[in-house]
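A.B. asks: Here are the chains, one letter per residue:
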Amino acid sequence: MIALTTPYLWYTTRATGMVTLILFTLVVTLGTFVANRVGGTVVGRFEVNELHRSVSIVAVIFLVFHITTTVIDSYVPTGWISILVPMTSAYRRVGVALGAVAFDLILAVWISSLLKVRVKNETWRFIHWFSWLAFASAVLHAYLTGTDAKSGAGLAVVAACATCVAAAALWRYVKRPTRAAGRTALSPLAASKGPGPGVPRPVSSKASSSFSRGESGVVTPSNTRAKPESFPRSPSPRSKRRR
Amino acid sequence: MGVRRRAGAFYLRVNPILCDGFGHCHELAPELVNMDEWGYPVIRREPTPLSDLATLASARFAVRGCPRQALRIERVSES
Amino acid sequence: MMLAQELPRLLNGTPGTPLTLGQHEATFATSFKVASLLDELEASGLTGRGGAAFPTARKARLLRDQRGHNKVVVVNAMEGEPVSYKDSTLLSTNPHLVLDGAAILASIIGAKDVIVCVSRDNPNAVGNVQRALDERARAGARGPTFKLETAPWRYVAGEESALVHWLNDNESLPQYRPQRPSILKIRHHAVLLDNVETCAHVGLIGRFGAAWFRTLGTTVSTGSMLVTVTGAVDRPKVLEVVAGMTLRTVLDYAKADPDPQALLLGGYGGAWLDGAHLDAPYDNESLAQWGATVGAGIVVALGRDGCGVLETQRVVQWMANESARQCGPCAFGLPALSEDLADVVTGTRNAALALDRLEHRCGVIEGRGACRHPDGVVRLVRSALRVFAADFQGHASGAPCQASRSGKFFVAVPRLEKESELVWE
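Chain order of the listed sequences is A, B and C.
The working numbering numbers the first residue of the first sequence as 8 and each following residue consecutively.
The working numbering numbers the first residue of the second sequence as 131 and each following residue consecutively.
The working numbering numbers the first residue of the third sequence as 122 and each following residue consecutively.
Since the hints were made in silico from the structure, they are not lab data.
Small disclaimer: the values here were computed from a predicted structure and weren't measured.
Just so you know, even glycine gets a beta-carbon here, dropped at the ideal spot from N, CA and C.
Wrong hints could be hidden among the right ones.
Stated by the list, open to error - What follows is a set of in silico ranges between Cβ atoms, one per label pair, in the way DEER data are often shown:
| # | chain 1 | residue 1 | chain 2 | residue 2 | range |
| --- | --- | --- | --- | --- | --- |
| 1 | A | L91 | B | R205 | 33 to 43 Å |
| 2 | C | N289 | A | V92 | 33 to 43 Å |
| 3 | A | W178 | C | R252 | 51 to 61 Å |
| 4 | C | T135 | A | V124 | 37 to 47 Å |
| 5 | A | I64 | C | S541 | 35 to 45 Å |
Can you build the whole structure from these sequences, using the hints too?
C.D. replies: Here it is, written out as structure tokens:
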């Protein structure tokens with residue numbers, strides 16, 4: 008390997024690191040917008056989706072810059088292996104390890120998204136949930152490894168990114184479109200409430216208390232399946248099973 | 131290079147189990163997809179000729195843009 | 122040897138006391154040997170008795186032509202329709218006939234395994250099948266390996282793709298099958314799935330041949346079939362009838378109300394037939410002109426003192442709750458239909474609007490689910506709008522009929538379960 012070091016490589020690493028973090032903040036926030044079905048009137052929902060996809064490409068490019076400049080810079084003794092395998096860096100072992108974890112997860116998310124057409128949708132969604140973990144890992148990496156992140160403007164940026172994503176996560180959960188909630192174990196957001204934002208509400212269910220408890224005109228045979236009739240109640244709130 | 135006349139037609143088909151009513155298809159291919167009152171796509175049942183390139187392009191965008199990959203373009207080729 | 126033109130065939134026994142293997146062999150003894158089973162099946166013109174009436178031989182031939190060494194035959198005894206008792210009655214009369222038929226189908230397609238699926242909420246049927254399987258095992262019968270599986274009872278759990286999905290992944294969820302014909306698979310092994318009554322008929326054809334089978338029935342709807350008659354009867358009855366008999370005859374045999382207001386044919390996903398058409402022959406070809414089918418052999422008689430609007434609303438409400446909730450139009454559309462119907466039944470202020478909206482919503486919902494569950498409900502609602510048009514108008518104008526307030530129900534609808542109570546696995 009070329010023993011290469013110049014202060015500019017080091018500055019590039021730090022700068023692209025910051026930019027990558029900001030870009031991924033944007034990506035994750037846009038992702039929550041897509042999932043919560045933002046848009047439809049002024050901005051199209053598909054536009055939010057396209058923005059999310061495009062910004063993620065830019066973010067990954069900057070990430071690659073950040074990683075490459077770190078590794079080829081011999082000022083800090085990080086080997087190529089420590090990009091992917093955590094805890095193999097001589098320099099700031101834990102910090103770089105978190106970066107490696109983040110990169111591994113981002114790689115998984117990115118590749119599964121590139122192959123989205125070929126991969127089963129439930130597989131893709133399962134992997135995509137790890138983007139939250141990737142971001143958390145990235146923020147910790149920024150704080151623990153970043154020369155700039157410990158104080159001043161750098162800390163402010165990292166803190167702002169972390170707060171932004173935390174707020175997005177909270178909003179994602181609170182305003183989740185419960186119409187898509189369901190029984191899959193993949194989603195920690197399963198619930199059974201009414202339809203979500205941006206969806207016309209169905210006619211509110213009625214209490215059918217006007218029906219008296221009727222006696223059946225039919226004698227049902229002793230089949231445990233056909234349970235005795237009780238007066239028609241209003242149906243339970245609707246949700247669609249998420250696959 | 132000549133232009134190859136496309137024969138045949140296509141349908142836009144949705145997998146109703148995968149579909150979660152995001153609505154991107156309606157935005158991307160409004161000539162093919164309408165929304166019902168609950169936010170789910172109502173897709174034209176008649177096939178669209180492949181020579182209708184604009185609609186075909188919209189359909190392709192819709193297939194690519196669906197967050198659940200619930201859409202497919204199915205060819206109906208005529209001899 | 123069983124004589125031709127004689128009923129009962131399938132119900133040759135006592136419901137509730139299943140024939141043992143020995144009794145079964147004695148009752149259905151024959152020296153008639155069938156040369157090619159598939160050809161006999163084809164010549165017999167047997168169609169599926171699960172509701173879709175698909176030619177059994179065609180299905181068997183399709184499966185026989187599939188590649189694979191470990192094909193499976195699945196016997197569907199789930200009986201998802203709440204007002205159908207024919208499958209459990211058949212299993213309590215002669216389960217061995219069913220197992221014979223399944224073995225024949227297995228030999229036709231080259232399968233080594235047969236899975237009999239019974240609803241776990243029907244312990245009688247489970248017991249009957251288990252006992253029959255034990256008898257066969259003790260007698261050392263040759264043939265395919267039999268297995269009994271019990272799935273939770275849901276309306277859609279008897280749908281063929283839902284049943285196979287349950288066998289694969291333990292969840293009774295219907296699957297999206299865009300390609301027709303589509304072969305069901307259990308872990309990549311091709312599956313031939315047939316209703317329990319169909320298998321029983323196959324068992325008879327295997328013993329007595331196609332010509333014997335055809336002595337009953339019409340040229341198109343051959344053989345006998347089981348019918349469950351409920352509603353305006355002293356008690357629910359399962360009868361073995363022949364296609365071509367008029368509905369009046371069927372009701373007569375069942376000792377049901379001879380002058381019903383209407384009949385619900387086919388099941389909850391079937392259609393209403395006006396009581397004026399009782400002289401129509403009971404077969405698919407004749408009923409088609411009124412948009413009705415034989416379905417799973419279900420007849421519910423609605424007495425003159427019943428209200429068709431109310432009965433339809435109760436059925437639709439239950440069917441909406443039984444949706445697998447996988448597809449938006451079904452998960453949201455069916456409850457919307459149910460609420461509109463509730464509005465109409467009680468004659469609220471929204472009733473007129475709801476009535477107008479019903480037909481529109483039916484058109485929107487139809488054909489947009491992965492399975493035919495929403496289509497069945499739409500068919501029921503549309504037939505109700507036709508047959509009970511006057512009643513609908515009366516209810517919608519704020520004057521519910523006397524019958525709807527009497528609290529008398531003719532269509533037995535099971536208890537409405539809360540969403541959290543529904544068991545799918």
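A.B. asks: If you check the beta carbons of N289 of chain C and V92 of chain A, does the distance land in 33 to 43 Å?
C.D. replies: Taking Cβ atoms as reference, N289 of chain C and V92 of chain A lie about 37 Å apart, which means the hint holds.
A.B. asks: So does W178 of chain A sit 51 to 61 Å from R252 of chain C, Cβ to Cβ?
C.D. replies: 59 Å, holds
A.B. asks: Against the range 35 to 45 Å, how does the distance between the Cβ atoms of I64 of chain A and S541 of chain C compare: consistent or not?
C.D. replies: 43 Å, holds
A.B. asks: Does the Cβ pair T135 of chain C, V124 of chain A satisfy 37 to 47 Å?
C.D. replies: 59 Å, violated
A.B. asks: Should the hint that L91 of chain A and R205 of chain B are 33 to 43 Å apart at their CB atoms be regarded as holding?
C.D. replies: Because 42 Å falls inside the window, the suggested range holds.
Of the numbered hints listed earlier, the single one contradicted by the structure is hint 4.
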